[in-house]
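Colleague: If you're matching them up, the sequences are chains A and B in order. According to this note's numbering, the residues represented by the first sequence are 16 to 232, in order. According to this note's numbering, the residues represented by the second sequence are 16 to 232, in order.
Errors might be hidden in some of the hints.
[What the hints assert, rightly or not] No more than 20 Å apart at the CA atoms, straight line, and that leaves these computed lysine to aspartate or glutamate pairs for EDC-like:
#, chain 1, residue 1, chain 2, residue 2
1, B, Lys191, A, Glu134
2, A, Lys135, B, Asp187
3, B, Lys197, A, Glu164
4, A, Lys139, B, Glu74
5, B, Lys131, A, Glu164
The hints are simulated quantities; they were obtained by calculation from the structure and are not laboratory data. Given the structure is predicted, the values throughout are model-derived calculations rather than measurements.
Listed below are the residues making up each chain.
Protein chains: 2
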Amino acid sequence: MNTSLSESKMKTKLLNAAAMLLMEEGVNSLTTRKIANAANTSTMAVYTNFGSINNLANELIAHGFILLWEEVRLVQFSEDALVDLLHITTGYLNFANKQPALYKCMFGVTSLGELKTSEKENLKSGLYTLDIVVKTVQRLIDGKVIKAENAFHIANEWWVIVHGYSLFEFGDIFSKDKSVPKVLTPLLLHFLMGLGVDPTHAKEALTNHFRYLDNTI
Amino acid sequence: MNTSLSESKMKTKLLNAAAMLLMEEGVNSLTTRKIANAANTSTMAVYTNFGSINNLANELIAHGFILLWEEVRLVQFSEDALVDLLHITTGYLNFANKQPALYKCMFGVTSLGELKTSEKENLKSGLYTLDIVVKTVQRLIDGKVIKAENAFHIANEWWVIVHGYSLFEFGDIFSKDKSVPKVLTPLLLHFLMGLGVDPTHAKEALTNHFRYLDNTI
Numbered sequence: 016m017n018t019s020l021s022e023s024k025m026k027t028k029l030l031n032a033a034a035m036l037l038m039e040e041g042v043n044s045l046t047t048r049k050i051a052n053a054a055n056t057s058t059m060a061v062y063t064n065f066g067s068i069n070n071l072a073n074e075l076i077a078h079g080f081i082l083l084w085e086e087v088r089l090v091q092f093s094e095d096a097l098v099d100l101l102h103i104t105t106g107y108l109n110f111a112n113k114q115p116a117l118y119k120c121m122f123g124v125t126s127l128g129e130l131k132t133s134e135k136e137n138l139k140s141g142l143y144t145l146d147i148v149v150k151t152v153q154r155l156i157d158g159k160v161i162k163a164e165n166a167f168h169i170a171n172e173w174w175v176i177v178h179g180y181s182l183f184e185f186g187d188i189f190s191k192d193k194s195v196p197k198v199l200t201p202l203l204l205h206f207l208m209g210l211g212v213d214p215t216h217a218k219e220a221l222t223n224h225f226r227y228l229d230n231t232i
Numbered sequence: 016m017n018t019s020l021s022e023s024k025m026k027t028k029l030l031n032a033a034a035m036l037l038m039e040e041g042v043n044s045l046t047t048r049k050i051a052n053a054a055n056t057s058t059m060a061v062y063t064n065f066g067s068i069n070n071l072a073n074e075l076i077a078h079g080f081i082l083l084w085e086e087v088r089l090v091q092f093s094e095d096a097l098v099d100l101l102h103i104t105t106g107y108l109n110f111a112n113k114q115p116a117l118y119k120c121m122f123g124v125t126s127l128g129e130l131k132t133s134e135k136e137n138l139k140s141g142l143y144t145l146d147i148v149v150k151t152v153q154r155l156i157d158g159k160v161i162k163a164e165n166a167f168h169i170a171n172e173w174w175v176i177v178h179g180y181s182l183f184e185f186g187d188i189f190s191k192d193k194s195v196p197k198v199l200t201p202l203l204l205h206f207l208m209g210l211g212v213d214p215t216h217a218k219e220a221l222t223n224h225f226r227y228l229d230n231t232i
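Given only the sequences and the hints, what does the whole structure look like? Please build it.
Modeller: Okay, structure coming up:
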């Protein structure tokens, strides 16, 4: 039993254990006992660090947004906001694919069972992770790459696309290898060209995006 | 207790009761006893009509596709395939909004708890409901309204958009009144214009679509 970790490290350890349990055994596995066991500690550690299992559940959602942010912030921004938007899309999908169960809880698709979480509050405080999308869209507007007035609205449209795509992928309705090139990439291109992106620019951005992915894997 | 219904009517009654329970009380409410009570009949009726609760669960999914089809087939087709695609979108969303829990089970977003359903099989046999989308996209291609080679791929892109949108609406992340005009409609327009739809035609189609909705409510 590990009692020597600092408070912050123990919290992260318990949250990672909870995220793993959620993914592997579903929402009903999120009990104090199971989380403590999975983190190789005592149930007391859950109470000391979170006060209650409900508080842990709320912090689990917030932790999800941190994990999402860690994927998205890896993007090395270029001079081309279009390339950057594609990079951000890949980062977002990387997180969703690593933590599908947590992703669904974060964005209101499923609830954390009988645990009481403040979905609305959690989402509100987690949406900073998507500011980067709004800012990137604003760069597209400022650079006259797309014709649009409100970057926030366009970011929401992007979000609908990646959310819908992720959920089909989780549900095994789309398979990743085939459906990124057959569905997601063409859909993003149609969306962007409908916003006024020059088709040649779109294809160049895609080439640069894939080159970047090859170099960062 | 009602024992005078024909077999087919009793099956439908039990399936409607199960759909209602799923929506109001969640997946754990789908027990033989609760479904029988909700349908004002005996547990024996469940066994007589379905053999087992698992069979009922599978037929519930198939029933969902019938309900979806009933919304979508209401569309009075016009000469403009673009208008028709917008009508179909509204029909699809009407079903999703009426049966959000069932919708999620049909499309692999959530499972029916401990009930064993053959999601893949059910989805495969239910996807006839989306043939109408493929056919309508094919009309757009044939009429040179959009530039595309494969109607099925384009129909999948449409599907990602309406699926992603529906799930944000279920999760209260988008509110219907505001987000159809602010997110969904512009996104569909950008997508269609990216496929080559003339912006004037797109706006006309939208006007005709809303006029149709006003006349059919």
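Colleague: So, for every hint listed, does it hold in this structure?
Modeller: Hint by hint, here is what the structure shows:
1. With a C-alpha separation of about 18 Å, the suggested pair Lys191(B) and Glu134(A) falls inside the 20 Å cut-off, and the hint holds.
2. Proposed proximity of Lys135(A) and Asp187(B) is supported: the alpha carbons are some 8 Å apart, at most 20 Å.
3. Proximity of Lys197(B) to Glu164(A) is assessed by CA-CA distance (about 12 Å); at most 20 Å being required, the pair is judged to hold.
4. Of the supplied pair hints, the one linking Lys139(A) and Glu74(B) is violated, its CA atoms being roughly 38 Å apart against a limit of 20 Å.
5. Distance hint between Lys131(B) and Glu164(A) is unfulfilled; the C-alpha atoms sit about 49 Å from each other, more than 20 Å.
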